[in-house]
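Here the protein sequences line up with chains A and B, keeping their order. Read left to right, the first sequence gives residues 6 to 427 (the working numbering). Read left to right, the second sequence gives residues 6 to 427 (the working numbering).
Worth double-checking, as some hints may not be accurate.
Since copy identity is lost for identical chains, a pair holds within one copy or between any two.
List time: in silico DSS-like cross-link candidates among lysine-lysine, alpha-carbon distance up to 30 Å [as the list claims (entries may be wrong)]:
hint	residue 1	residue 2
1	Lys-155	Lys-76
2	Lys-296	Lys-78
3	Lys-66	Lys-162
4	Lys-59	Lys-120
5	Lys-367	Lys-25
6	Lys-162	Lys-399
7	Lys-13	Lys-59
8	Lys-209	Lys-25
9	Lys-8	Lys-160
10	Lys-373	Lys-235
11	Lys-402	Lys-373
12	Lys-343	Lys-78
13	Lys-225	Lys-160
14	Lys-13	Lys-66
15	Lys-25	Lys-392
16	Lys-35	Lys-155
17	Lys-35	Lys-402
18	Lys-78	Lys-59
19	Lys-21	Lys-59
20	Lys-76	Lys-59
21	Lys-35	Lys-162
22	Lys-241	Lys-405
23	Lys-296	Lys-13
24	Lys-76	Lys-25
25	Lys-78	Lys-13
26	Lys-160	Lys-402
27	Lys-21	Lys-155
28	Lys-404	Lys-35
29	Lys-35	Lys-159
30	Lys-235	Lys-367
Since the hints were made in silico from the structure, they are not lab data.
2 protein chains.
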Amino acid sequence: MIKAQTLKGFRDFLPKQAKKRQYVIDILRKTFESFGFDPLETPALEYEEVLLGKYGDEADKLMYRFEDNGKRKVALRYDQTVPLARVVAQYQNELPLPFKRYQIQPVWRAENTQKGRFREFMQCDADIVGSSSLLSDAEVIALTANSLQKLGCKKFKIFINDRKSTSYFKTNFDISTEKIPCMWRAFDKRRKTGEEGVKEELIKCGFSITETETLVSNAKMAPPTSELDKIFTYLKQMNMPVDLFEFDPWMARGLDYYTGMIFEIQIEGYSGGSVCGGGRYDNLIGMFAGKNIPAVGFAFGFDRLIEAMEELNLFPQNLNYSSARILVSIFNTELFYKSIELLNQLRNNNINAEIYDDPDQKLDKQLKYADKKGIPYVAIIGPDEVKNNMVTLKNLKEKKQETIPLDELVKLLRLALSGVEG
Amino acid sequence: MIKAQTLKGFRDFLPKQAKKRQYVIDILRKTFESFGFDPLETPALEYEEVLLGKYGDEADKLMYRFEDNGKRKVALRYDQTVPLARVVAQYQNELPLPFKRYQIQPVWRAENTQKGRFREFMQCDADIVGSSSLLSDAEVIALTANSLQKLGCKKFKIFINDRKSTSYFKTNFDISTEKIPCMWRAFDKRRKTGEEGVKEELIKCGFSITETETLVSNAKMAPPTSELDKIFTYLKQMNMPVDLFEFDPWMARGLDYYTGMIFEIQIEGYSGGSVCGGGRYDNLIGMFAGKNIPAVGFAFGFDRLIEAMEELNLFPQNLNYSSARILVSIFNTELFYKSIELLNQLRNNNINAEIYDDPDQKLDKQLKYADKKGIPYVAIIGPDEVKNNMVTLKNLKEKKQETIPLDELVKLLRLALSGVEG
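Only chain A is shown next, with the shape it has when bound in the complex:
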């Protein structure tokens, strides 16, 4: 017999987990749309040439590529930015710029799973394409903050820097262009390893001890660029609380990609790393269109976000339940029609309800099913209840039950559920 197993790095999401994921996606969508971002979907498979060579050699090795039945060379979606660039070129007459789009789809990378990485994971991107205005930079930052707040996350910090501050170091310390990437990679270690770690890395880059000391003491005091100053002003005008964002002259992020403002977000109390990163990248989106198209945006790390929300207990309690809020049990085949009547009534009143599937099963087994499945309430209509037009409502978690008038069930249930509903 064939073994029932998934590929390494690929995951099934059983109901409880699938619900949490959907909860986050629903809130992100709604928040993105409230800022005027529109959804975009692109195919899982693209011509290999569309994706290949766009992310660097290392990435190409991680890409899922194969020949399809028609001998076409194809590749699975590796990220959502290159497909966005293709879309912008392919539909340039239909898409008015600035194009504000979000995209929430899985991507595939043959990563080393020993690092706790997955080979199929969701990306949540939002970008403004075709705008070089710093107001757009502020908008995307404000959107990330708003998204986290809508997810119930109150304490987080958005670290912001500007890729253009490179010129500050070049001009003031006469650093050769070749050493710049190494310098930024060293700076970027600051939050993890402290200044001593940065110094070690700078030495490795070939800076002398004196140069290293000078660089580190100056990086601390490096002023924000005039662009960042303007973005900070916009953020304040947008009522963003000042304790949510911070200028971080050490932060580098993906050097080759960004051309201006860069940012990443740490959630307080979550040690799994940055949950969101983004910035301005003015030289990428135009690659298929044959011209420069400015862009600014971000991506949430979906798995980290879920993990952080679990650790911080930000998911509403009702996600732990089955979709059904109540199981209508069946007392016996004669009274079955009363159970169906109740089921209809509950569903007509928008209460998620299911009926036990077997009219001949003992009540005890029905209760066990509800309990195992995490359905919080069970309704019982036996002969006594029918006679008096009542229903017995069992609360499985609290192991309590009461017999109430049938026509009060919807009202009482709504009240009881309101305590656990998001």
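Since the structure of chain A is provided, determine the placement of chain B on it from the hints.
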């Protein structure tokens, strides 16, 4: 330069289309959950051996299969039923039966695109696994009806038959087992080609003219099985209007797969074919578990559903707009802060709003952007408006504008938008 193009049979969904898809998915999810169905997600890639040979030789040819970087033979999700069977076996201790799950994910098939088929398309499945009760058959039928009603579809017909009625024909007309599949394929043509078409097919199966006449005249009057009678009774008890479902003794569907009740749904006024099909299949889900596990369920044809809803004009008008309901224009850099203030106010009141990205652009260009993007309203705050604490609200579609007190904007806009919101 690399050409910006998609693979044949693969589609981009630009905002308007992506929104319609999301609208349908949201309603389906909500309806499925109201019946107590829980979400499940499975990976896009599976071990080839999990999928191969499960759908027949023709299907295997259409499967996207390849060797991954670790030389594992893998295949892209071909449907959602085989992965469900794998999940049921793999997590049998975690999943209490009956397991009621829905799954809405893309599948990939290297179909002949000339038939208007796609190689990547969404499937929407809901199934009850582990229940042989006919009440479950009725539940899934009721769920399809309820889903269509929630999508705004009022006139449709659910055609229902029972695979077990085969025994009626075998017993009464002494048909050999080998001829049964051909007979059903002939019967199944009835809705498309009428009785004459059925007769032609039966002759091709090797039935004599007399046998053919007898079969056809009897098929018309074939009685529903006792199981179907019971399902019909359940449906009536569930308050399903009797004009929504109909016994169809001719209907066959995928013969090899189903073991009991089968059904499909036609939407009145839509000629693209059945939008939903399903039935009971008791011998499939246990394939990885090594035992028989009964199951009943259905799949909506997502692309057809969208097409039918478009033809019947069932999508709410607001889906034709951009996510933003209002563009806050910028009169000039001095008054920019007033625009940002208004933007904050609108978003705080849950009105999807965006601000024009360039504070130095002419008003005319800003209006054109809103119009092209399909944002229905534009707010203007110039010096006169600021002086009097007013705002000018432009309705782009009706080419009307009025200047109103700033603190009445939210109220008025809500009122105006309520006419076009779903």
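Hints, one by one, checked against the model:
Taking the shortest alpha-carbon separations for Lys-155 and Lys-76, neither the intra-copy value of 47 Å nor the inter-copy value of 43 Å comes in at or below 30 Å. Taking the shortest alpha-carbon separations for Lys-296 and Lys-78, only the intra-copy value of 26 Å comes in at or below 30 Å, while the best inter-copy value is 41 Å. Proximity of Lys-66 and Lys-162 under a CA criterion of 30 Å is satisfied in neither setting, with 34 Å inside one chain copy and 52 Å between copies. Taking CA atoms no more than 30 Å apart as the test, Lys-59 paired with Lys-120 passes inside one copy only; the shortest distance there is 24 Å, against 34 Å between copies.
In this homomeric assembly, Lys-367 and Lys-25 never come within 30 Å of each other (Cα to Cα): the closest approach is 33 Å inside a single copy and 45 Å across copies. Taking identical chains as interchangeable, the C-alpha atoms of Lys-162 and Lys-399 are never at most 30 Å apart, the minima being 45 Å within one chain and 38 Å between chains. In this assembly of identical chains, Lys-13 and Lys-59 lie within 30 Å of each other by CA distance both inside one copy and across copies; the values are 26 Å within and 22 Å between. Within a single copy, Lys-209 and Lys-25 get their C-alpha atoms no closer than 44 Å, and across copies no closer than 54 Å, so neither meets the 30 Å cut-off.
Taking the shortest Cα distances, Lys-8 and Lys-160 never come within 30 Å of each other, neither inside one copy (45 Å) nor across copies (45 Å). For a Cα distance limit of 30 Å, the shortest separation of Lys-373 from Lys-235 across copies, 27 Å, qualifies, whereas the shortest one inside one copy, 61 Å, does not. Taking the closest pair of Cα atoms, Lys-402 and Lys-373 come within 30 Å of each other only inside a single copy of the chain (12 Å); across copies the shortest separation is 58 Å, beyond that limit. Taking identical chains as interchangeable, the C-alpha atoms of Lys-343 and Lys-78 are never at most 30 Å apart, the minima being 60 Å within one chain and 53 Å between chains.
For a Cα distance limit of 30 Å, the shortest separation of Lys-225 from Lys-160 inside one copy, 24 Å, qualifies, whereas the shortest one across copies, 69 Å, does not. Taking the shortest Cα distances, Lys-13 and Lys-66 sit within 30 Å of each other both inside one copy (17 Å) and across copies (25 Å). Proximity of Lys-25 to Lys-392 under the C-alpha cut-off of 30 Å is found in neither arrangement, the shortest distances being 42 Å within a copy and 49 Å between copies. Taking the shortest Cα distances, Lys-35 and Lys-155 sit within 30 Å of each other both inside one copy (9 Å) and across copies (21 Å).
With identical chains, the CA atoms of Lys-35 and Lys-402 are at most 30 Å apart between copies only, with a shortest distance of 25 Å across copies and 33 Å within one. Proximity of Lys-78 and Lys-59 under a CA criterion of 30 Å is satisfied in both settings, with 16 Å inside one chain copy and 27 Å between copies. For the identical chains of this complex, Lys-21 and Lys-59 are inter-copy neighbours only, at 28 Å across copies versus 37 Å inside a copy, given an alpha-carbon limit of 30 Å. In this assembly of identical chains, the alpha carbons of Lys-76 and Lys-59 lie at most 30 Å apart whether taken from the same copy (22 Å) or from different copies (25 Å).
In this assembly of identical chains, the alpha carbons of Lys-35 and Lys-162 lie at most 30 Å apart only when taken from the same copy (22 Å versus 35 Å across copies). In this homomeric assembly, Lys-241 and Lys-405 never come within 30 Å of each other (Cα to Cα): the closest approach is 52 Å inside a single copy and 34 Å across copies. In this assembly of identical chains, Lys-296 and Lys-13 lie within 30 Å of each other by CA distance solely across copies; the values are 26 Å between and 41 Å within a copy. With identical chains, the CA atoms of Lys-76 and Lys-25 are never at most 30 Å apart, being 40 Å at best within one copy and 34 Å at best between copies.
Taking CA atoms no more than 30 Å apart as the test, Lys-78 paired with Lys-13 passes in both settings, with 24 Å inside one copy and 13 Å between copies. Taking the shortest alpha-carbon separations for Lys-160 and Lys-402, neither the intra-copy value of 32 Å nor the inter-copy value of 42 Å comes in at or below 30 Å. Taking the closest pair of Cα atoms, Lys-21 and Lys-155 come within 30 Å of each other both inside a single copy (21 Å) and across two copies (25 Å). Taking the closest pair of Cα atoms, Lys-404 and Lys-35 come within 30 Å of each other only across two copies (29 Å); inside a single copy the shortest separation is 37 Å, beyond that limit.
Both within a single protomer and between protomers do Lys-35 and Lys-159 lie at most 30 Å apart by alpha-carbon distance, with minima of 18 Å and 29 Å respectively. In this homomeric assembly, Lys-235 and Lys-367 come within 30 Å of each other (Cα to Cα) only across copies, at 21 Å, whereas the closest approach inside a single copy is 70 Å.
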